[in-house]
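Asks: Which chain is which? The protein sequence lines are A and B, in order. Numbered by numbering that gives the first Met the number 0, the letters in the first sequence go through residues 0 to 364 in order. Numbered by numbering that gives the first Met the number 0, the letters in the second sequence go through residues 0 to 364 in order.
If you're looking for bench data, these hints aren't it; they were derived computationally from the structure. Please note: incorrect hints may appear among the correct ones.
No more than 27 Å apart at the CA atoms, straight line, and that leaves these computed lysine-lysine pairs for DSS-like [claimed, not checked]: (1) K187/B / K343/B; (2) K187/A / K349/A; (3) K237/A / K187/A; (4) K241/B / K324/B; (5) K237/A / K75/A; (6) K179/B / K75/A; (7) K179/A / K190/A; (8) K162/A / K162/B; (9) K237/A / K320/A; (10) K136/A / K162/A; (11) K75/A / K187/A; (12) K147/B / K237/B; (13) K282/A / K320/A; (14) K274/B / K187/B; (15) K241/B / K190/B; (16) K179/A / K179/B; (17) K75/B / K75/A; (18) K187/A / K41/B; (19) K187/B / K41/A; (20) K179/A / K75/B; (21) K190/B / K315/B.
Quick list of the computed label-pair ranges, beta carbon to beta carbon [unchecked claim]: (22) N53/B / E180/A: 22 to 30 Å; (23) D319/B / G338/A: 52 to 60 Å; (24) D308/B / K187/A: 54 to 62 Å; (25) R350/B / G163/A: 33 to 41 Å; (26) D319/B / R212/A: 55 to 63 Å; (27) G239/B / R212/A: 51 to 59 Å; (28) N53/B / P89/A: 31 to 39 Å.
On the chain B side, residues computed to face chain A include the following (Cβ under 7 Å) [stated by the list, open to error]: (29) F80; (30) G251; (31) M354.
Note that the Cβ used here is the ideal one computed from N, Cα and C, for glycine as well.
There are 2 protein chains.
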Amino acid sequence: MKQKDEIDFSSGLSCPIPKSDYEHVLLAHGGGGTLSHQLISKLFFSQFDNEFLNEQHDSAILPLLSLRQAGFNVDKSKLAFTTDSYVVQPIFFPGGNIGELAVNGTVNDLVVAGAKPVYISVGFIIEEGLLIEDLWKIVLSMKEAARKSGVKIVTGDTKVVDKGKGDKIFINTSGIGVIKEGINISPKRCKPGDKIILSGRIADHGIAIMSAREGLEFETAIVSDTAPLIDLLDCIEKFGDKIHVMRDPTRGGLASSLNEIAEIANVGMLIDEEKISILDEVKGACEILGLDPLYIANEGKMIAIVANDIADDLLKEWRDKELGKEAEIIGEVTSENSGTVVMKTTIGSKRIVDMISGEQLPRIC
Amino acid sequence: MKQKDEIDFSSGLSCPIPKSDYEHVLLAHGGGGTLSHQLISKLFFSQFDNEFLNEQHDSAILPLLSLRQAGFNVDKSKLAFTTDSYVVQPIFFPGGNIGELAVNGTVNDLVVAGAKPVYISVGFIIEEGLLIEDLWKIVLSMKEAARKSGVKIVTGDTKVVDKGKGDKIFINTSGIGVIKEGINISPKRCKPGDKIILSGRIADHGIAIMSAREGLEFETAIVSDTAPLIDLLDCIEKFGDKIHVMRDPTRGGLASSLNEIAEIANVGMLIDEEKISILDEVKGACEILGLDPLYIANEGKMIAIVANDIADDLLKEWRDKELGKEAEIIGEVTSENSGTVVMKTTIGSKRIVDMISGEQLPRIC
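With the hints as constraints, model all of the structure from the sequences given.
Replies: Have a look at this one:
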């Protein structure tokens, strides 16, 4: 398997803390003294640079006016607020690293609320001994991920824990987005007759992580699908409240996301195995590892559950986008089998796709 | 030393996951499946209960209207946004625990921006094996801390890492607050002639933590000062932009906070040792441990740097509050010694109070 874990450092930026000064993160880098300040200003402020962060206050001060200037009707909009901690292991994996995952993941949590992501916060929990060079790579890829999504990293925090009390680095990102007037996304709005659209093939991310951990080799590389789902949101907005639910099927995969929605909305779902695309190598890896791809995490896919009369139009729009070119209507919401997801298999039978009780893959995000 | 680490469970709430089901947190409690859902709904949703969280969406949806209803002039207000991760060790300490510290700490970061805290997010990173009973105690004290500050916990995330890859529990809290019209807090606004007011005695929190770690015993208990600074904010608002800077002297203590402000604002500071109150037991512990109390963390104190002409009035107001009853004007901002904090000692000499290069106390918050 080809490792695609190199970040494009064509910007040529070399780490502003040279190895001759500090090669590893020390406990003192998190202590609030001179070393903390050096780390924060040289590695973080220099890259995440924006007018809000640069104030160096305990909180970022965000005038609502800045949202108006960004084109929102502030009076009729809503805020979306989300948080996620990232503990993926390994921190560099085929197709990405924990830094871009942390930015994209929180961006996507806002997107599936129907919100345009605007501001994010970053909280690092670093294990003593992390290579400063690795931290630098992570920072550069966070900067790039934030740029792609148009979000600003406006506030942050850095803690260092003693060696053996963490695992290289954990990253929390919280985010604020703005939901335009007319958008009303909620799992409770899912109704019988709605169509379920999936933006692309599943299980790449989880299998990329597992392959890296297990040292599996494949003919072609299996790489994480980590990506910001902004482009798919742009298509959504024109359909207003015809879009009932959106969800990014991360931990627990497609099956868990659908089960959660079915349970909250008290509806059934019937999905079609034939419409769910999975890479052959991923299928193979799942067989080797004894995993069901329906439960494997994705980091760049979206589920939309929408009114029947706009499903084809949305599908067409998504397919015009790079991120949605393999989108399919994979099933529909039913009034029978309330709280349950049923799958029509490729051999024509039906099976219940349950919520898993434990977890298949620890620490995939 | 009397341990004051009991939380008042007079509510009589017993843990909704009985020991007979699960005594410890398992990896599967973070896997996104049935066990995750049980943990989240039984422990978190049941206690943090509010209309935003109960939507169970990836993001909390917060109508700006809800801020209007809370009495803010939304058009003229600003948002404050902050994040902090808490990695304190031990997680239960004299006077508090990591849960209330995480709520109070983020509340205070908003308060020192001049913002009334409104919403917070919670991200748990739990080490496999944590006692569920301990998690429950933490949750109850977070609920109580949120109630005291009038904030709602509106969104959250739970991750579980393998045993030996974390340290019981780390908690990230991010927060959103609203800054009323006319308030303009920024370290850059600090000017020569301004007075420096400190709300009470220093170093209790850091020494309480260190005493617990080292097993030190004292005649009287040294307990953490963890508290939300909301009451002190209420006095601030009427003075509008005469309040130039506020800061809560946490990691790095009073000395680091003042140095940071002096550096950003490019001013000097002259403080008076006699005016800085320290408990005798804390002084004693500092001598035993070889620590300087000026650098020890506080979790319930505020520094305000204000225009000379309102300093006495603010001092009077603070002293009327429980949290500020020992407030003192400890010094003033000077044009000489730019970027430097100088202290007039009790024996009449002057010494430079530097930024420390490393850290004295790891993981005190």
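Asks: Work down the list of hints and note, for each, if the structure agrees.
Replies: To see whether the hints hold, each was checked on the structure:
1. Taking the CA atoms of K187/B and K343/B, the gap is near 24 Å; set against the 27 Å cutoff, the hint holds.
2. Using a Cα cut-off of 27 Å, the hinted pair K187/A and K349/A holds, with the two alpha carbons roughly 26 Å apart.
3. Distance restraint check for K237/A and K187/A: the Cα-Cα separation of roughly 21 Å lies within the 27 Å cut-off, and the hinted pair is therefore satisfied.
4. A hinted pair counts as satisfied when its Cα atoms are at most 27 Å apart, and K241/B with K324/B qualifies at roughly 21 Å.
5. Of the supplied pair hints, the one linking K237/A and K75/A holds, its CA atoms being roughly 16 Å apart against a limit of 27 Å.
6. For the hint pairing K179/B with K75/A, the CA-to-CA distance comes to about 20 Å; that is within 27 Å, so the pair holds.
7. For the suggested pair K179/A and K190/A, the alpha carbons sit about 22 Å apart, so the restraint of at most 27 Å is met.
8. About 14 Å separates the Cα atoms of K162/A and K162/B, which keeps this hinted pair within 27 Å; it holds.
9. The suggested pairing of K237/A with K320/A holds, with an alpha-carbon distance near 15 Å, which does not exceed 27 Å.
10. Of the pairs offered as hints, the one joining K136/A and K162/A holds, with about 21 Å between alpha carbons and a cut-off of 27 Å not exceeded.
11. Between the alpha carbons of K75/A and K187/A the distance comes to roughly 22 Å, so the proposed pair stays at or under 27 Å and holds.
12. As the CA atoms of K147/B and K237/B are separated by approximately 22 Å, the hinted pair is consistent with the 27 Å bound.
13. Taking the CA atoms of K282/A and K320/A, the gap is near 25 Å; set against the 27 Å cutoff, the hint holds.
14. For the given pair, K274/B sits about 25 Å from K187/B by alpha-carbon distance, which is consistent with the 27 Å threshold.
15. Distance check on the hinted pair: K241/B and K190/B sit about 11 Å apart at the alpha-carbon level, within 27 Å; holds.
16. A hinted pair counts as satisfied when its Cα atoms are at most 27 Å apart, and K179/A with K179/B qualifies at roughly 24 Å.
17. Proposed proximity of K75/B and K75/A is supported: the alpha carbons are some 16 Å apart, at most 27 Å.
18. Between K187/A and K41/B, the direct Cα distance comes to roughly 20 Å. Compliance with the 27 Å bound is thereby established for this hinted pair.
19. Proximity of K187/B to K41/A is assessed by CA-CA distance (about 20 Å); at most 27 Å being required, the pair is judged to hold.
20. Distance hint between K179/A and K75/B is fulfilled; the C-alpha atoms sit about 20 Å from each other, no more than 27 Å.
21. A distance of roughly 22 Å separates the Cα atoms of K190/B and K315/B; the hinted pair therefore holds under the 27 Å criterion.
22. Roughly 23 Å separates the CB atoms of N53/B and E180/A, a value that falls within the hinted 22 to 30 Å.
23. The given range of 52 to 60 Å is respected by D319/B and G338/A, whose C-beta atoms sit roughly 56 Å from each other.
24. The supplied range of 54 to 62 Å is met by D308/B and K187/A, whose beta-carbon atoms lie about 55 Å from each other.
25. Distance hint for R350/B and G163/A: a CB-CB separation of about 38 Å, consistent with the stated range 33 to 41 Å.
26. For the pair D319/B and R212/A, the beta carbons lie near 60 Å from each other, so the given range of 55 to 63 Å is met.
27. Distance hint check for G239/B and R212/A: the Cβ-Cβ separation is about 57 Å, which falls inside the suggested range of 51 to 59 Å.
28. Take N53/B and P89/A: their Cβ atoms lie about 36 Å apart, and the range 31 to 39 Å holds.
29. Because the smallest distance between the Cβ of F80/B and any Cβ of chain A comes to about 5 Å, under 7 Å, the interface hint for this residue holds.
30. Hint on G251/B holds. Least Cβ distance to chain A is approximately 3 Å, under the 7 Å limit.
31. Annotation: M354/B was flagged as interfacial toward chain A, and the flag holds, the nearest CB pair being 5 Å apart, inside 7 Å.
Taken one by one, the earlier hints all hold for this structure without exception.
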